[in-house]
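Protein chains: 2
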Amino acid sequence: MPENPVLIIGGGPAGLEAARGVADLGYPVTIVEKEDRLGGTPIHCDYAALTPNLINAEEAMGAMVKKIENDPLIDIRTSTEITTASGNAPELQVTLKGQSGEEQLNAGSVIVATGFKHFDPGKETQMYGYYEFDDVITLVDTERMLKAGKFVRPSTGEPPKQVCFIQCVGSRDRQIGNQWCSKVCCGIASKEAIEIRKMLPECRVFVFYIDMRMYGFWEDEIYWKAQEEYKINFIRGIVTEITRRGDQVVVKGEDTTMGRPLEAPMDVVILSVGMEPSEGTTQMAKMFNLPFESHGYIESIGGALNTVVTPVPGIFVAGAAGGPADLEDSVSMGGAAAMKASAFLRKASLKVAA
Amino acid sequence: MPENPVLIIGGGPAGLEAARGVADLGYPVTIVEKEDRLGGTPIHCDYAALTPNLINAEEAMGAMVKKIENDPLIDIRTSTEITTASGNAPELQVTLKGQSGEEQLNAGSVIVATGFKHFDPGKETQMYGYYEFDDVITLVDTERMLKAGKFVRPSTGEPPKQVCFIQCVGSRDRQIGNQWCSKVCCGIASKEAIEIRKMLPECRVFVFYIDMRMYGFWEDEIYWKAQEEYKINFIRGIVTEITRRGDQVVVKGEDTTMGRPLEAPMDVVILSVGMEPSEGTTQMAKMFNLPFESHGYIESIGGALNTVVTPVPGIFVAGAAGGPADLEDSVSMGGAAAMKASAFLRKASLKVAA
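Listed in order, the protein sequences are those of chains A and B.
All residue numbers for the first sequence refer to our numbering, where the first residue is 209 and numbers rise by one.
All residue numbers for the second sequence refer to our numbering, where the first residue is 209 and numbers rise by one.
Isolated chain A, as found in the complex (with noise of 0.2 Å):
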């Protein structure tokens, strides 16, 4: 048995399901999380239901952290984070920084699943007024209203009859430098219409898109039960301006599919912003010397066929710390990163016997 765990940086969704899988593999992990509590942005963003099937947020991460919990192979460390690194793996030396001062720690093996942020659309020229109109809102706003079992117009607290979505705000656009796809935005922005559809039948939700990237199962899970269940309005426009007018808000732009000009009133516009590497993500990036790929996120080796490996032997990438990820990639990554950590460190304790 080696006597240095597997640190695992970040405690959402890639994360928890590593530290379950090292343990499940019989080697000791640390788990080191800056928040103070485990869940990672589904808790500490309050999502309300998660994607595809709309399961609590809160407990389907809870039932995550409760399969961590009282383990005696897995050291849990909540309001913590890594200030120094050094040495290599298997003997990397990690200070890590928590409310009762600094310890040292040896790790065996590291995984960084410091997952993402949401982008700020202010970034964005003001666009689309963000901090100009209270009714203009994140994906982000409306999963805390969801969470709360409420969702009303910020300037008025009363409900709204008339929502709408726009997609890709901080995704797909060169003007601000974010060139990929953040993956999940089509996905989170439909179910988070389903749900104010449930909680106000009255409301009319519209979602501006410029493809609807339903992949896989979502296409009938999610999208066509949205538009057909639900009877969501999917408009494939560009939206280039939003102004006040009275009381409301109001949407410019252009129907694509229509080829006429679009300009409706709404209560509230959520705008759908997609992901960036988090602050974390970056810092532990620098800290153990992981190459950025293009995008800023932290870059594996072999591309497609290599998921969860970094240039850095013993050193693991999972979940969004690697580029934009669903659930789904998350919890893949996740286990794919126990597996590869743990078996870095039977490796290494073979040498030494050797």
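Hints were generated in silico from the structure; no laboratory data involved.
It is possible that some hints are incorrect.
One copy or two, either will do: identical chains are not told apart, so a pair holds if it fits within one copy or between any two.
Claimed, not checked - Cut-off 27 Å, straight-line C-alpha distance, at most; resulting in silico cross-link-like pairs (DSSO-like, lysine-lysine):
no.: 1; residue 1: K433; residue 2: K358
no.: 2; residue 1: K559; residue 2: K275
no.: 3; residue 1: K559; residue 2: K274
no.: 4; residue 1: K555; residue 2: K274
no.: 5; residue 1: K331; residue 2: K433
Dock chain B against chain A, hints included.
Leaving out everything else, chain B in the frame of chain A:
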């Protein structure tokens, strides 16, 4: 050390990654492939280059195969099928039928990595004329020509001057019962379009699509590159009919962006056929009593939060046997399944020891 190996069924990307992973964790593997060669669909369907980085399929899969050859922990059985299974993991009795006859194997755990098959466009009420016109071919036929280094009109053997792809053939289609999006066809078509333009710089290439599902980094790594560097024309449109005029094939439908009828003569029409569960996937599901999810693939429990675990203890699924999957999905799931199967064996051996 447990004596019963992990039985991995299928020697494609998911199965190969799983085999390497299980052996790296110190557990024995028997990997069974019904074809006479490992490598899976990229090899048996003669893929040219892989998505997204256009690496040579023979070389990429060859490297994966090489990683598992000559490993004392890995028993490779090509030209072999599973004909019976009984009992429960970790004491499953399985019959392997190879070229030298039948053989019994006790398997400790199973990873089903039996993949997908390409949609047969003959099924689609002949609308696309696949069996009628020589110059109507599929993504798969195109791969074969690209791999051979010569892309020609099948009817004449001459290089085509005008080629189009038609997306979503056998996907997103309730008529034929395939309600899912096959996830990869937008990327594969764009990749093939690039390869055609590289090979035949004079040839004009069109892609008729509903939504271009170029998620994640495919957006700029393939889609933008296809448009900007390779001048491929992406047209949002619906194709309703394919007929012959003289020695060309005429594509009729609607350009939904321009809102006008579409009629274009083509030298070659390429049908972007989607994924369906392979026969092996259906057979192995029945053999091991694995439930099908609603689309006919093997169901995992826990939806997005448990991608490789089936309801049957000790039996796992990886890659496109569980639903439409790209290479990243298959490799991550293969790695995750390796972890789960090895952890299952470990737990079983701890129980025996206790």
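Check: Between copies, within a copy, both or neither: which fits K331 and K433 at Cα up to 27 Å?
Finding: between (33 Å within a copy, 26 Å between copies)
Next item on the list: At 27 Å max between alpha carbons, let me know whether K559 reaches K274 within a copy, between copies, both or neither.
Entry: The answer is between: 23 Å across copies meets 27 Å, while 35 Å in one copy does not.
Check: How do K433 and K358 come out at 27 Å by Cα distance, when the copy is not named: within, between, both, or neither?
Finding: within (22 Å within a copy, 44 Å between copies)
Check: When no copy is specified for K559 and K275, does a C-alpha distance of 27 Å or less occur within a copy, between copies, both, or neither?
Finding: Classified as between: cross-chain Cα gap 20 Å, same-chain 32 Å, threshold 27 Å.
Margin query: At most 27 Å between alpha carbons: which applies to K555 and K274, within, between, both or neither?
Written below: So K555 and K274 pass the 27 Å test across copies only (19 Å; inside, 30 Å).
Every hint from the earlier list agrees with this structure, and none is contradicted.
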